[in-house]
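Protein chains in written order, with the working numbering: chain A, 1 to 326; chain B, 1 to 326; chain C, 1 to 326; chain D, 1 to 326; chain E, 1 to 326; chain F, 1 to 326.
Hints listed in this document are in silico derivations from the structure and should not be mistaken for laboratory results.
Heads up, the beta-carbon is just placed ideally off N, CA and C, and yes, glycines get one too.
Each hint can be trusted.
The calculated EDC-like cross-link candidates involving lysine to aspartate or glutamate, where the alpha carbons are at most 20 Å apart (straight line), are:
(1) A:K163 to A:E199
(2) A:K241 to E:E236
(3) E:K241 to F:D237
(4) C:K186 to C:E199
(5) D:K181 to E:D124
(6) A:K186 to C:D124
(7) B:K241 to D:D237
(8) C:K241 to D:D237
(9) A:K241 to E:D237
(10) F:K181 to B:D124
Short, incomplete list of chain D residues facing chain E, as computed with Cβ under 7 Å:
(11) P76
(12) L122
(13) L183
(14) Q312
Number of protein chains: 6
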Amino acid sequence: MLRLLATWGAGPVRSGLCHSCRQASDAPRNQPPSPDWVARPVGLCSMMRLPVQASPEGLDAAFVGVPLDIGTSNRPGARFGPRRIREESAMLRAANPSMGALPFQSLAVADLGDVNVNLYNLQDSCGRIREAYQKIVASGCVPLTLGGDHTITYPILQAMAEKHGPVGLLHVDAHTDTTDKALGEKLYHGTPFRRCVDEGLLDCERVVQIGIRGSAATLDPYRYNRSQGFRVVLAEDCWLKSLVPLMAEVRQQMGGKPLYISFDIDALDPAYAPGTGTPEIAGLTPSQALEIIRGCQGLNVVGGDLVEVSPQYDVSAGRTWWSWTG
Amino acid sequence: MLRLLATWGAGPVRSGLCHSCRQASDAPRNQPPSPDWVARPVGLCSMMRLPVQASPEGLDAAFVGVPLDIGTSNRPGARFGPRRIREESAMLRAANPSMGALPFQSLAVADLGDVNVNLYNLQDSCGRIREAYQKIVASGCVPLTLGGDHTITYPILQAMAEKHGPVGLLHVDAHTDTTDKALGEKLYHGTPFRRCVDEGLLDCERVVQIGIRGSAATLDPYRYNRSQGFRVVLAEDCWLKSLVPLMAEVRQQMGGKPLYISFDIDALDPAYAPGTGTPEIAGLTPSQALEIIRGCQGLNVVGGDLVEVSPQYDVSAGRTWWSWTG
Amino acid sequence: MLRLLATWGAGPVRSGLCHSCRQASDAPRNQPPSPDWVARPVGLCSMMRLPVQASPEGLDAAFVGVPLDIGTSNRPGARFGPRRIREESAMLRAANPSMGALPFQSLAVADLGDVNVNLYNLQDSCGRIREAYQKIVASGCVPLTLGGDHTITYPILQAMAEKHGPVGLLHVDAHTDTTDKALGEKLYHGTPFRRCVDEGLLDCERVVQIGIRGSAATLDPYRYNRSQGFRVVLAEDCWLKSLVPLMAEVRQQMGGKPLYISFDIDALDPAYAPGTGTPEIAGLTPSQALEIIRGCQGLNVVGGDLVEVSPQYDVSAGRTWWSWTG
Amino acid sequence: MLRLLATWGAGPVRSGLCHSCRQASDAPRNQPPSPDWVARPVGLCSMMRLPVQASPEGLDAAFVGVPLDIGTSNRPGARFGPRRIREESAMLRAANPSMGALPFQSLAVADLGDVNVNLYNLQDSCGRIREAYQKIVASGCVPLTLGGDHTITYPILQAMAEKHGPVGLLHVDAHTDTTDKALGEKLYHGTPFRRCVDEGLLDCERVVQIGIRGSAATLDPYRYNRSQGFRVVLAEDCWLKSLVPLMAEVRQQMGGKPLYISFDIDALDPAYAPGTGTPEIAGLTPSQALEIIRGCQGLNVVGGDLVEVSPQYDVSAGRTWWSWTG
Amino acid sequence: MLRLLATWGAGPVRSGLCHSCRQASDAPRNQPPSPDWVARPVGLCSMMRLPVQASPEGLDAAFVGVPLDIGTSNRPGARFGPRRIREESAMLRAANPSMGALPFQSLAVADLGDVNVNLYNLQDSCGRIREAYQKIVASGCVPLTLGGDHTITYPILQAMAEKHGPVGLLHVDAHTDTTDKALGEKLYHGTPFRRCVDEGLLDCERVVQIGIRGSAATLDPYRYNRSQGFRVVLAEDCWLKSLVPLMAEVRQQMGGKPLYISFDIDALDPAYAPGTGTPEIAGLTPSQALEIIRGCQGLNVVGGDLVEVSPQYDVSAGRTWWSWTG
Amino acid sequence: MLRLLATWGAGPVRSGLCHSCRQASDAPRNQPPSPDWVARPVGLCSMMRLPVQASPEGLDAAFVGVPLDIGTSNRPGARFGPRRIREESAMLRAANPSMGALPFQSLAVADLGDVNVNLYNLQDSCGRIREAYQKIVASGCVPLTLGGDHTITYPILQAMAEKHGPVGLLHVDAHTDTTDKALGEKLYHGTPFRRCVDEGLLDCERVVQIGIRGSAATLDPYRYNRSQGFRVVLAEDCWLKSLVPLMAEVRQQMGGKPLYISFDIDALDPAYAPGTGTPEIAGLTPSQALEIIRGCQGLNVVGGDLVEVSPQYDVSAGRTWWSWTG
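Bound conformation, chain A alone:
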């Protein structure tokens, strides 16, 4: 399964959306259309222009959008993240030569569309998300989520843990997202992993947070995390370094047990990913992000997300899809 995660961006695919597509009729599985046959501006923007279907049945993995941003503490807009990630994914081809992967040849993948969130009620939205993911997970399909603010990872992990038990977590982010509450609320994009711990959804000895930085409320803002058993890797410990050695340790730590990958785009330095709501300077580079994703090869990935993509702040675009190209 990890081969898919690490190779999004790679092979031939059926597309029912465009006329005059001349593709081999013997393509056994869904594939993104090649720009050799279908022009890049052509076709409706599903993820990688894969087929859209309403049911996860028969799929090994699927892209799902969760266009919610009412858990955002600063600049909103991640409700349009799924739409923009899909649009920019038209650049991706089927093979990933760096990984030696042709995922669409071995896996059945499609785009399941979006969860119909409630934009006016965060509690209700979380219920809707959990319910939708319970169905996806029940079918044996691995969900790859396009967010949406980071609140959404909490109900997704509820569905994950219901199926797999407590899961390991690779959390790439500028922030730990383990605040207890803010403005009187237990639920917003700063609290999802606190809630997950509260509910026993995480295998805390297998939680790694990478890219953490920024000003804080106290001098030791990572005390809670470390007391739970999390490994917290600060951005400043990554500066000017390859993360290949770190990922070797992570692979060792995760072993063969279920792992969820949650990637907040603000882990990256805002120069590389300005389209996000709570940017923090001096973050990871795209090459480090690729090292992280590629470093997961061989692990038992049961789900993953890319969250906090808020496209209106990335006026040049062409950059928000990055983490899918490992």
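Based on the hints, put chains B, C, D, E and F in the right spot on chain A.
The following block gives chains B, C, D, E and F in isolation, referenced to the frame of chain A:
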């Protein structure tokens, strides 16, 4: 058929793209989803989030994208027009109270996706477009096109005239697009209607051009048009006026015979529609555009297009879909 | 009081924020600083760079920000409306020659800062807003609100009606905002005036809605409003017309009883005010907006708001403050 | 001479800048290149891609840039106005059918480049500008200036009056620019016409100001102007009106004596011309601007300018060149 | 004092600007509001939303804005730098865990507003700035300046040296700013440190310039600097390196004597800080900038500035405040 | 000749475009104007504001624009690349201290303007380009090209090889551009070097491609290149490394034989150069780009280009000229 054209933006619809959609199961036809049930950022961006299908069979009308812009003389980018128009159409609801129209209750409408154009060869693209429209028109479906630069109207009208014979034309534009050639070429976005006249595709006594303006190559740039029998209505003759009386005359002129409507978004003043490649100041207003579209009620519309939408120049967005809301 | 509302933008003022300000020490009241003495980029951005104070005591009128946008159905961002309106208000001077008004000479005005909204819970935010406005209204100060999405007008009117009884309403908007519910919720930016009617906060025979337009869910979307006694003036009935005669009728209708003015910036055509979340084409012009505001002269205005200013969509800026300059 | 002013945007021209230009060798005069022969993105951006020359000798009229903006009270950037106006002028063709004018057939016109202003010293810049214009005017060439903030019109008019005596002035602007001083300075973009009156450069009985609006320092901000004999036409007196009758009166008033036209782009509503530093809402429309320019036909125009074009605030571009297309 | 400089972005604070703020009443000193209690979009934008006061009396340090940009050689706009830095500083919290610093617990800090500069006269502005800083410095308060173009550092250093004698200088910049004159002027943003040397304001043996790069007028553009005793560290000598060793040398060099830190944001590569007027490629990274600021811990910092922030060129924002988060 | 290529950005120059330029009359050669004498916003935007001339006679090297983008597979706009590169080059000075180079003292350089491409026909444009470059090359002038999409390098290399025989190639790019065909066409921006190999224009043993990355159609996308003898250096092999050692090897490989340098701006990471049509994440840094260009010192460079600059996607600008400043 005109009720549809004049009321895009009106009625309940099935959408297979989002989970948790709670819509009445007895909806007899395709409808755009109501924001009362489906949040606006939810779902893949087909036109008005209508169902997407590969074949025009069984449809009364259909939206079709033609993402081509290599006939552009100034700023390119209209290849992304279909994508953006679809995205912004998520704002439209099913009823048009101004027209008293509920088009989706009487007509079967869907989105047929895009013609797979050749971005490197204008001649070949025109052949591909004509071929695609021949199939659509043959099925009895009325094509409503999302452009693309204005070159595309030439192969569309080839397919139209093949079915209907020479058609009437309501052409709303800042430019007459009847140049003979430029840079040595007979085919670019300044020549489509000259080529149509050359091939006898137009019923020239029923051609009206509205919104024409700008500097020119000669002192009498409309001589060719008028010598063919076209009515040319200059933008300066529209300033500060309602166009309701003009449209009464147009309805009279068009009668019950087949009419094609070609709407170049640069007919509008660039304040209202900056997202286009060859803007000209002192153009029509949105209210005049609505008067034009609404004024076609009762006519025998066999097809229509909205062209020259070049979204990267409309940084605020929220404005390019205007002409569909008549 | 109306003289203030109609003349925001007018006289000499004390500013504690800048050094080297050379202003007459005998200025009897708060005034915006003149650009003849203080450079426009100088000073912190309170509204019109008026003094900021924590209490409404002693004020005739006050500006208040409500940076909330989680009731938004389409594009969010109005949480930054108060900040941008204040920034752009640095252009305003103290006198309004068109109205013959020098409001700051007769009225004590200040900026009260913002209500500390709860960004993650719309219900709780409404409670906080109502509570804050109860205190302002109790002091006899007229609140002039900088929004924020339109949901906020509901708790403001709760505080208003508690003091004044049911109030008249001049509501300028593209939308009637009288939906009953959406996505299962009774509270979002499409429902505030329905809730106000439900709670008896409005003097329904003195409610006028101006600028209404757009596609709808049904053929007669204004039935509810008219059945309550509202006057609904469609945008299409305003095209190419002066609104001076309409406002004479409105003044007649409102009489001397308490009136609240709620101005949604999307009443304007998006060409004039692109910085908003749910734009609708073919709207009012700025000159019509000024005619509306100026037409209120002499009325008993007990409060007012400018809502739905979402600045990130107005990339040129310099336009969002318009309605304050009547 | 007015035919040129009123018809910028009109005939065949030599261009030394591009290879493979195939133009008739018998073109007797400078002409903008036709898009039929030279692609619009081709060639260095002189005004209308006319030839550039260092001396005004032999020219009937010439474009001159003055890239200065240190007289700006609010948003700077007009130093890049000349560059952007030239860039956008690539859209203009040689004939103006509305005016029946082919100016480049009767007049010798070129681009003289820019005055080398001193960006750090406004006084010194004014001296440099006056000196440059004295040379241009001495040669008998009519200068058509691309600004730059409005301060520059003061030294230009010094050169004008030195040659022609006190001149008439058609001043189109949102502001009267007759302040006496600000921040202790007698020279900035709010004072040029006060300085001109002080020095006797204007024939005050032939000064007309059109488009004036906005908040002010006093209740009667036009007293100075009217006491000098100026006619002040407020924007609100232009709303929803054709300006053809006004211009008939202006032509009568100006007679055959020398007239200078100074056009501040902020006269237009910011919807049409957002690229400026001190925008004021509810301004003129492009059609009114064309009526003003076209209405000058037959007058004895000795010079003109377009000032306050600050391109970074017009992100869509394609609109700043408007006033040259009359 | 350096603990403050190195930890801007860290501790609880009183804010008089928002209603419903629920903060401990026993907070002994000014603090930025925590996002746990006050939503980030709430409140007027002073620096870090600290209290604003008119006098430096009683303060250990204070933020001061100098909104001047008429010394700019290329793109203007830094007059709006103070406003935008304050706006973006709403993201900062009170503790800096990387430095182990809680500056607001030991120091009294506030925002003093802006110096009222003269936008039309650079000489006069320099006089106004010097006078304002003389007062601040006299009170014993350390000024932390938000610029404004780099010209402003010259009058600030006049005030500094008057109090402290010649000061050491840590100057981070793409340019040495030691030109003698340009366009005939001795005063613009390329000359401040030349003027400081001329007047003996610097302890030249303790001047370090870091980040220098770009094309030049001569082959040895650093001769003047080095002949004065400055250490010039080129950007190319920083590529791919940690600056921790360099800063150890700098600390050694500076010793315990008074040091001023002047940080021009164009020291950074424009990818990280596009909002500036004279960008140069291949600059420092944010992590290097933090290493520089953090490397000053323990030094005797008597003042500092962040200059050349020109926000309109940073369309994504969220990045200009970077250097305050060390 | 390489000294020029490696030092663009360096000496005194005559400029006929601005008045009041006070420059030494004894400047023996063309030079960019110094900002000490000519303000940066002053003058028409030729490359580095060098003189423009129609003929290459007498020149050692020349800048040439090729404003063509109809070979683009994704986002168009590179037709405006030459215009923007020239505009931004106003920042460059005459000396390059890093290289110890004063190129304008030893070489005669000018700007030759643009090739008049055919925007509607890629085949015809290639013929026009080849013809133009044949004339330039014939005169002994080294062409330095401002693109334009990468298709243009194919006809340029036709002219090069006609003069020099098969040339070595240093190709810096995210993509190999050796596809055989797409959408049925042999000519677009993905095929130029395949066509060059087909026609024997390259000395394949001296071809080096640097910066290659991204998803692909097959698992071994570099097989063709390597089978021809190309050296392919992947971006991932450059991460966090100085390229000085690589360039030593390249110099060894190239020897004294003719070398062409083709630099696609998308070789850079999109954070540094967002203004391009087919961005790929995790690319080269500006410092690596400078190491590449500077590493060519001493080689026999017969021509070079900077292609795929598509300015509308670089909203901050100030960055597209980067590669010329080595």
